[in-house]
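A.B. asks: Spelled out from the first residue to the last, the chains are:
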Amino acid sequence: MIPACRLEDLPRGEAHRLDIDPPVSVFHTDDGELFAIDDTCTHQDASLADGWLEGCEVECPLHASKFDLRTGAVDAPPARLPVRTHQIVVEDGTVYVRLSTDAPNLPPCVSARLAGGAA
Amino acid sequence: MVGASLAGLSAARSLRQRGYDGRLVVIGDETHRPYDRPPLSKEFLAGTLREADLALERDGEELHAEWLLGTRAAGLDRTRRAIRLADGREVRADGVVVATGAAARTLPGTDGLAGVHVLRTLDDARALRDDLARGGRLVVIGGGFVGAEVASTAYALGLDVTVIEAAPTPLAGPLGQAMGAVVSALHADHGVRLLCGVGVKGLGGEHRVEAVLLEDGRSVPADTVVVGVGARPCVDWLEGSGVALDNGVRCGADGRTSLAAVVAVGDCANWYDPGTGSHRRVEHWTGALERPAAAVAALLAHGATEPGVPRPPYFWSDQYGVKIQFVGQAAGADSVTVEEGSTDDRSFLAVYRRAGRPVAVLGMNQPRLFTRARKQFGTAAS
Ligand SMILES: Cc1cc2nc3c(=O)[nH]c(=O)nc-3n(C[C@H](O)[C@H](O)[C@H](O)COP(=O)(O)OP(=O)(O)OC[C@H]3O[C@@H](n4cnc5c(N)ncnc54)[C@H](O)[C@@H]3O)c2cc1C
Ligand code: FES
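Order-wise, the sequence lines are chains A and B. So that you can map any letter, position 68 of the first sequence is 68 in the working numbering, and since no number is skipped, the others follow by simple counting. So that you can map any letter, position 15 of the second sequence is 15 in the working numbering, and since no number is skipped, the others follow by simple counting.
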C-alpha cells in the first residue's frame, strides 16, 4: 500500500496526483467518495488530475473523453481503452492506494517513451 | 449516412443509442474504416502512432451497419428518396445524414509535380511521411493549424523548415492578431523560418518540386512542399438536390437542412449559431463528435424538437510540444487579456471579451486552468 495524502488535505472536488511510475491519481468526489485511477489518459499524454471531475466521472483535459472512476470505463472517443482502477484504504486520516496488478493501458506515445526510456 | 468519418460514425452511434433499430447504411468514398485525422499532422506523421492506433471504432464495437466503403455518393434524389452512387447504384433512405466533411484546398497548377502534398487523408499522410523521411528542406505554404503542425513535426524530424503565410499574421482569423502572433512565434522559437505577408506565385521544378516562387520575386528552395491552405466543404454532390448550400450545407441550430429528413453534421455543415445570430461552419474534431447527437434527435423526431444551444466550439492543436486549446469565437472580441501565466513563457490563459463579456478563451500549456475556464465558459454562454 502506498500512502497518498492526508484526507484533510484533499477537499471534495479535488484530485491528488502521486508521482510514481506510471502516475496514479486519487479523486475526492463532491459526494465524499474516494477513487484512485491511473493518472495518464489512455488516449494521449494528459494528466487526468488536471481534468474535470463531475459526479463519478473525470473528463480528460485535452480531448474530453470521460472515465468512470468506479470502473475505469471510457464513454466516448478519442480514448478507446479504460484506465486502471486501484483500491483505496483510509486509515487514521491517511489515504492509501493499493495498486492494481493489471497491466496499465498507457497511450502509445507514453508506452513508446517508457520502452525507449531505459536507454 | 453519407461520409464515413468522425461525424458519420458519431451519428450512427447516436442513432443506435436512441433506439433506432432499422437498416443503417454508411457510404464513404475512402476505403478505410473511420479513422482519426488530428494525429495525421502530429504523432502519425512523426512515426509515434501506427495506423491501427488511428481507428475510431472500439474493438468489438458493432453498430449493425452496412458499410459501403470506397463508394462515392454522386447525388441526392428527393423525389425518389434515394442517394445515387458514383458506380450507378442507388440507396433508398427514409432519412439522410450528410457528413461528407471537407477536402484540402490545392494550389492551381501544382498537379503532377512530385514532392508536393496536401494533408487531409490517411493516404495523404502516408505519402507525406515517406517524403519527409528523405530529409532536406520542407516548405509549408499556409501558416494555419495544419501547416503549423506539419512544420513542427518536420522540425522534430530534423528537416530544415520554412513556413510561408500570405496574411501579415498567421492564425489571425481563429485567434485574432495579438494571439495569432504569440502562437506563431513558436516557429521562430525553434529556428523555423516564417515569412508573412507574401503570396505564392508558383512552384519551380520540372518533375519534382525544387523551389517555391514568391510574389515578391524571391525563390525559396524546397525538397518537399506542403500546401496547407485550408479545406473546402465536400458538398458538390448535393448541387441541385434541393438541399440549400452556402459555405457547406446551410443548417439550423441542430443540423436540419432545407429538406425534411436530411440533416448535416461535421466539417461540411454550416450551422446556425443562436449566440451570434449568424451561421458558422465549425471545422473542429469536438464539434464533429458532439453535434451529431442533436442532429440525429431532430431527424428521429421529424423536426418536431426545439434545437438546444450547441456547446461553444472547442479545438486544440499541438505544436513544438506546446498544447494549444481554444474555446469560443475570437471574431468580434474587442479585448484579449492574459489572466494567468505569461505569453513569453508560452504558458498562459488568455480571455477574449466583447463589451466586457467573455467570448473566447485561449490556453497554451495550461490544460488544468483551461479546462476549468472552458467549463465556466460553457455554462456562462448557454
Ligand atoms: C491533418 C489534420 C489535423 C487536424 N487536427 C485537428 C486538431 O488538432 N484539433 C481539432 O479540433 N481538429 C483537427 N482537425 C479537424 C478534424 O479532423 C475535423 O474537424 C474532423 O475530421 C471532421 O470530421 P467529419 O466527419 O465532419 O469530416 P471528415 O473527417 O473530413 O470526413 C468526411 C468523410 O466523407 C467522405 N466523403 C466526402 N465526400 C463524399 C461523397 N460524395 N461520398 C461519400 N463519402 C464522401 C470523405 O472521404 C471523408 O472520409 C484536423 C484535420 C486534419 C486534416
Ligand atoms: S488525451 Fe485524453 S482524450 Fe485525448
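Everything labelled a hint here was simulated from the structure, so no lab data went into it. Hints may be right or wrong, so weigh each one.
Label pairs and their calculated CB-CB ranges [unchecked claim]:
#1 A:D75 - B:L157: 47 to 53 Å
#2 B:H32 - A:T71: 27 to 33 Å
#3 A:G32 - B:P168: 52 to 58 Å
#4 B:D246 - A:R12: 57 to 63 Å
Partner residues are not named here, just some residues of chain B that face chain A (Cβ under 8 Å, in silico) [to be verified]:
#5 R33
#6 T48
#7 D53
#8 L56
#9 R120
#10 T121
#11 T286
#12 L289
#13 A293
#14 Y320
#15 E340
#16 R368
#17 K375
Straight-line C-alpha distance at most 30 Å; calculated BS3-like pairs for lysine-lysine [said to hold, decoys possible]:
#18 A:K66 - B:K201
#19 B:K375 - B:K323
#20 A:K66 - B:K375
Note that beta-carbon positions come from the ideal geometry of N, C-alpha and C, so glycine has one too.
A.B. asks: Decide, hint by hint, whether the structure agrees.
C.D. replies: Hint by hint, here is what the structure shows:
1. A:D75 - B:L157: 47 to 53 Å: violated (35 Å)
2. B:H32 - A:T71: 27 to 33 Å: holds (31 Å)
3. A:G32 - B:P168: 52 to 58 Å: Distance hint for A:G32, B:P168 holds at roughly 54 Å.
4. B:D246 - A:R12: 57 to 63 Å: Since B:D246 and A:R12 have Cβ atoms about 49 Å apart, the given range 57 to 63 Å is violated.
5. R33: With Cβ-Cβ at 13 Å, over 8 Å, it is violated.
6. T48: The hint holds - B:T48 has a Cβ within 8 Å of chain A, the shortest such distance being about 5 Å.
7. D53: It holds, given that the least Cβ distance between B:D53 and chain A is near 5 Å, below 8 Å.
8. L56: holds (6 Å)
9. R120: violated (18 Å)
10. T121: violated (18 Å)
11. T286: Constraint on B:T286 satisfied, holds at 6 Å.
12. L289: With a closest approach of 7 Å, the B:L289 hint holds.
13. A293: violated (10 Å)
14. Y320: violated (15 Å)
15. E340: Result: violated, 14 Å to nearest chain A Cβ.
16. R368: holds (4 Å)
17. K375: holds (6 Å)
18. A:K66 - B:K201: Roughly 47 Å separates the two Cα atoms, so the pair is violated.
19. B:K375 - B:K323: The hint holds at about 18 Å.
20. A:K66 - B:K375: With a Cα-Cα distance of about 14 Å, the restraint between A:K66 and B:K375 holds, given a limit of 30 Å.
Hint violations for this structure: numbers 1, 4, 5, 9, 10, 13, 14, 15 and 18, all remaining hints satisfied.
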